[in-house]
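J.: Make one complex out of these two single chains by using the hints.
Here the protein sequences line up with chains E and L, keeping their order. Quick note on our numbering: the first sequence kicks off at 51 and runs consecutively. Quick note on our numbering: the second sequence kicks off at 138 and runs consecutively.
Everything labelled a hint here was simulated from the structure, so no lab data went into it. Just so you know, not all the hints are guaranteed correct.
[Said to hold, decoys possible] Some, not all, of what chain E presents toward chain L, calculated at C-beta under 8 Å:
(1) K68
(2) K69
(3) Y99
(4) G147
(5) L164
[To be verified] Under 8 Å between C-beta atoms, here's a sample of chain L residues computed to sit facing chain E:
(6) N178
(7) G180
(8) L181
(9) L183
(10) K205
(11) S207
(12) S231
(13) Q235
(14) L237
(15) F239
(16) G242
(17) T243
Ideal Cβ placement from N, Cα and C applies to all residues, glycine included.
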Amino acid sequence: DTEVTQTPKHLVMGMTNKKSLKCEQHMGHRAMYWYKQKAKKPPELMFVYSYEKLSINESVPSRFSPECPNSSLLNLHLHALQPEDSALYLCASRGTGGAENEQFFGPGTRLTVL
Amino acid sequence: AQSVTQLGSHVSVSEGALVLLRCNYSSSVPPYLFWYVQYPNQGLQLLLKYTSAATLVKGINGFEAEFKKSETSFHLTKPSAHMSDAAEYFCAVSTWAQKLVFGQGTRLTINP
Chain E
51 DTEVTQTPKH LVMGMTNKKS LKCEQHMGHR AMYWYKQKAK KPPELMFVYS
101 YEKLSINESV PSRFSPECPN SSLLNLHLHA LQPEDSALYL CASRGTGGAE
151 NEQFFGPGTR LTVL
Chain L
138 AQSVTQLGSH VSVSEGALVL LRCNYSSSVP PYLFWYVQYP NQGLQLLLKY
188 TSAATLVKGI NGFEAEFKKS ETSFHLTKPS AHMSDAAEYF CAVSTWAQKL
238 VFGQGTRLTI NP
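Pulled out of the complex, with its shape left as it was, chain L reads as follows (with noise of 0.2 Å):
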């Protein structure tokens, strides 16, 4: 069975320091990978996906994303948090059967 495993509920960085948020999945099949981000009372939003074509993913928001297969993380960073960044993140992987298996989430906070 598919799994995503997310280090850490609660990370905590300074406006303009680095962000990185772990994940590590487990898949027997090639996995496909997604980060999505969620602000308060909303919805999910994609901010990058793997699908086995570029193992460096670019997103949105100046968000990128590693796939390591040999230590079977994703994970997600920028180089300058902006206040905006301060929402909850979630690592997902997409099953055979095309369902997401979502981690357990990061919330990510900004410090001033």
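So here's chain E without its partners, still in its complex pose (with noise of 0.2 Å):
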């Protein structure tokens, strides 16, 4: 398995709501990544993840927190957003071996907060 897949894929939630974001690789990266992406502009750092233990806050506000349950599996969970907060979300972990330095991406999940 060489790639990191994210559910749910498409999500619209109220203000009010409670959500979460999976993130899963099977590829025995021991770190993970939350990314928010606007239209048009790239992708922003959120939350690194290095084996198991969150490493880098990017002064992400409460209303989301990570988790990351195991080397696998990491979760982002959404709490009392606000519209712009509308965006895509990616996921990516980090290579090992030669590839430690590069990141693999999911496909992301769009999100859309009413």
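T.: And the structure:
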């Protein structure tokens, strides 16, 4: 398995809802990332998990809560989001060995907050 | 701090013409450089990467890039554009903290 998967593909939620995004990889990678991407912009780093521990939080609002239950799985819990949080949320994992500086991206979850 | 500048937010070429997307980087250490492509409503796919092994790097879909330290550049080229190359292209540099710093992106349009 050489890919990063993300579910759901699309998500529409109200500002009072609680929802979660899921990311999974089975490549044995030990670092995983969440990015937020607005239209016509590059991805912006949100969180980095390394060996299942949060290593980087780019000053993301607390309405976004990451979780790394095991080395293959990364979740992003969403609560009380704002319409400006609507974006494409991308997950990535960092390679090992000769690909240790390379990040492998999932297809993303398109989030719309009403 | 490491950074990337992509010259031209939008490039338009005719089908069959040369594609040239420009990327300049700033780094105080030998950089790891990447080009990613993003098709509409999809994630990022790695086209090619420079990791100091060779200055001319060949990637997927006929793309290649040349690392020029003296010019701090890593421009992406393809000899003959195809309609399927229309997409957003991002140049990125990997930092010591294992973060990717992206350029602002270049949207490539192919004219029939």
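J.: Compare the structure with each hint and give your call.
T.: Status of each hint after checking the structure:
Hint on K68 (chain E) is violated. Least Cβ distance to chain L is approximately 25 Å, over the 8 Å limit. Taking 8 Å as the C-beta cut-off, the interface hint given for K69 (chain E) is violated, the closest approach to chain L being about 19 Å. The interface hint given for Y99 (chain E) is broken, as the beta carbon of that residue sits about 12 Å from the closest beta carbon of chain L, more than 8 Å. Below 8 Å, beta-carbon pairs count as interface contacts, and G147 (chain E) has none with chain L, the closest being about 12 Å; its hint is therefore violated.
Annotation: L164 (chain E) was flagged as interfacial toward chain L, and the flag is violated, the nearest CB pair being 19 Å apart, outside 8 Å. At a threshold of 8 Å, the smallest CB-CB gap from N178 (chain L) to chain E is about 7 Å, leaving the interface hint in force. Evaluation of the G180 (chain L) hint against chain E yields a held restraint, the C-beta minimum of about 4 Å falling below 8 Å. The interface hint given for L181 (chain L) holds, since its Cβ lies 4 Å from the closest Cβ of chain E, which is under the 8 Å cut-off.
Residue-level restraint check for L183 (chain L) holds (minimum Cβ-Cβ distance to chain E is 6 Å; threshold 8 Å). Look at K205 (chain L): its Cβ only gets to about 20 Å from chain E, farther than 8 Å, so that hint breaks. Because the beta carbon of S207 (chain L) sits about 23 Å from the nearest beta carbon in chain E, more than 8 Å, this interface hint is broken. Annotation: S231 (chain L) was flagged as interfacial toward chain E, and the flag holds, the nearest CB pair being 4 Å apart, inside 8 Å.
Checking Q235 (chain L) against chain E: minimum C-beta separation of about 6 Å stays under 8 Å; hint holds. The beta carbon of L237 (chain L) is positioned within 8 Å of a beta carbon in chain E (closest approach about 6 Å), and the interface hint is therefore held. Contact between F239 (chain L) and chain E, as hinted, is supported at the beta carbon level, the nearest pair being about 4 Å apart and thus within 8 Å. Annotation: G242 (chain L) was flagged as interfacial toward chain E, and the flag holds, the nearest CB pair being 5 Å apart, inside 8 Å.
Of the supplied interface hints, the one on T243 (chain L) is violated, with its beta-carbon coming no nearer than about 11 Å to a beta-carbon of chain E, more than 8 Å.
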